[in-house]
Amino acid sequence: MKILIKNGSLWNGETFIRADILTENDIVAKISDKIEQSADFMFNAENKIVSPGLVDLHTHMSGVSPDEFGIHADMSCIPFGVTAAADACGTMGDCSVVNSHLTKGCVFAGVGIGDNSALFEHAEKMLEKYGNCAVGIKLCFDSSQSSVKDITPVAEAVEFARKHNLIVMVHCSNSPVKMFDIVNVLGKGDILTHAYHGGVNSAAEDNFESIREAKRRGVVVDAGLAGYVHTDFEILRHGIECGAIPDTISTDITRWSAYMRGGRYGMTMCMSIMKTLGMSEKDIFKAVTTTPSTVLGKDKQWGCLKEGRCADIAVFAYADNGFDLTDKNENRIYDEKGYRCMLTVVNGQIVYRY
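Residue numbers (the numbering used here): 9 to 362.
If you are wondering where the hints come from, they were derived from the structure by calculation, not from laboratory data.
Owing to the predicted nature of the structure, the values given are computational and were not obtained by experimental measurement.
Possibly wrong hints are sitting among the right ones.
Cut-off 16 Å, straight-line C-alpha distance, at most; resulting in silico cross-link-like pairs (EDC-like, lysine to aspartate or glutamate) [as the list claims (entries may be wrong)]:
| no. | residue 1 | residue 2 |
| --- | --- | --- |
| 1 | Lys157 | Asp123 |
| 2 | Lys186 | Asp158 |
| 3 | Lys314 | Asp48 |
| 4 | Lys336 | Glu315 |
| 5 | Lys42 | Glu315 |
| 6 | Lys223 | Glu167 |
| 7 | Lys171 | Glu221 |
| 8 | Lys133 | Asp158 |
| 9 | Lys10 | Asp48 |
| 10 | Lys336 | Asp189 |
| 11 | Lys42 | Glu54 |
| 12 | Lys283 | Glu344 |
| 13 | Lys14 | Asp48 |
| 14 | Lys186 | Glu221 |
| 15 | Lys223 | Asp291 |
| 16 | Lys14 | Glu44 |
| 17 | Lys345 | Asp332 |
| 18 | Lys38 | Asp75 |
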């Protein structure tokens with residue numbers, strides 16, 4: 009069908025412009041100040057943001073992540089304007105599972121840890137099963153979940169990734185070492201997720217110099233909010249105030265978080281949290297479109313609205329869509345307003361409408 013979205017503030021992946029957008033079949037046919045062509049469906053986006061479909065860098069999909077926390081990709085993505093997502097566990101399934109969803113996907117294969125050493129045997133099997141759907145490996149460098157003592161598993165994961173032309177995502181909550189030590193092992197394109205966690209070895213301990221060093225090295229700083237499980241809101245607030253903002257905003261959504269975290273948890277709530285804490289709208293939309301698509305090597309497919317490109321589109325209102333969260337350190341964040349997805353289009357088809 010032809011879809012015409014009019015009068016919106018259009019985020020094209022680089023800047024906001026006032027424009028109409030017309031889709032035909034599965035591509036963006038035209039972007040212009042004023043489009044008067046007929047269409048099968050017209051949506052008035054006055055006072056709304058028209059964006060490329062969002063890209064969630066850190067999710068947990070059922071059939072890919074373990075059953076105890078994997079959630080159906082379309083149910084956790086499409087209603088929030090997310091049209092592409094990466095599973096950050098990858099311990100089961102194969103490429104056919106990822107491709108069965110409306111939500112476009114890719115996978116980080118999970119790397120285990122035993123006796124303070126990275127274990128790659130299962131990850132290698134998953135990488136083979138996922139083939140082109142695999143973009144990297146994920147290491148849960150967390151002393152509460154595995155026997156980590158020092159930086160050794162991270163260094164081993166990075167070495168493995170370089171040999172296989174992959175990127176590394178490191179979960180750094182409850183790390184046994186300083187955040188600076190992790191950053192110094194990672195390289196350009198690798199991802200530090202949960203970068204604003206509370207507790208020991210947090211970014212606040214060095215006044216965010218580790219975050220600044222990560223950016224200098226080309227390491228991707230991912231908020232990885234997880235609602236409040238891996239985020240300290242005061243640390244996040246301070247980081248934003250200091251200019252140590254995240255490169256990407258991701259949900260780390262699971263079956264336990266979608267309806268249990270101070271509202272309807274998803275990417276729109278994560279974006280709303282960032283706006284309430286002072287992150288600019290331009291930086292927010294860059295962190296959920298352009299940057300994650302580039303990090304995942306999908307910048308020619310995802311995260312951009314241009315004529316001739318795939319028609320993956322989401323429309324957002326900043327409306328009465330509040331949230332109320334309290335993190336583990338009793339820091340509360342709430343707002344009466346928040347982002348709400350009004351329309352999601354995948355491959356030129358309407359798949360969600362508020």
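Here is how each hint holds up against the structure:
| no. | hint | in the structure |
| --- | --- | --- |
| 1 | Lys157 with Asp123 | 9 Å, holds |
| 2 | Lys186 with Asp158 | 10 Å, holds |
| 3 | Lys314 with Asp48 | 21 Å, violated |
| 4 | Lys336 with Glu315 | 45 Å, violated |
| 5 | Lys42 with Glu315 | 15 Å, holds |
| 6 | Lys223 with Glu167 | 20 Å, violated |
| 7 | Lys171 with Glu221 | 24 Å, violated |
| 8 | Lys133 with Asp158 | 26 Å, violated |
| 9 | Lys10 with Asp48 | 5 Å, holds |
| 10 | Lys336 with Asp189 | 25 Å, violated |
| 11 | Lys42 with Glu54 | 13 Å, holds |
| 12 | Lys283 with Glu344 | 12 Å, holds |
| 13 | Lys14 with Asp48 | 13 Å, holds |
| 14 | Lys186 with Glu221 | 13 Å, holds |
| 15 | Lys223 with Asp291 | 15 Å, holds |
| 16 | Lys14 with Glu44 | 9 Å, holds |
| 17 | Lys345 with Asp332 | 11 Å, holds |
| 18 | Lys38 with Asp75 | 42 Å, violated |
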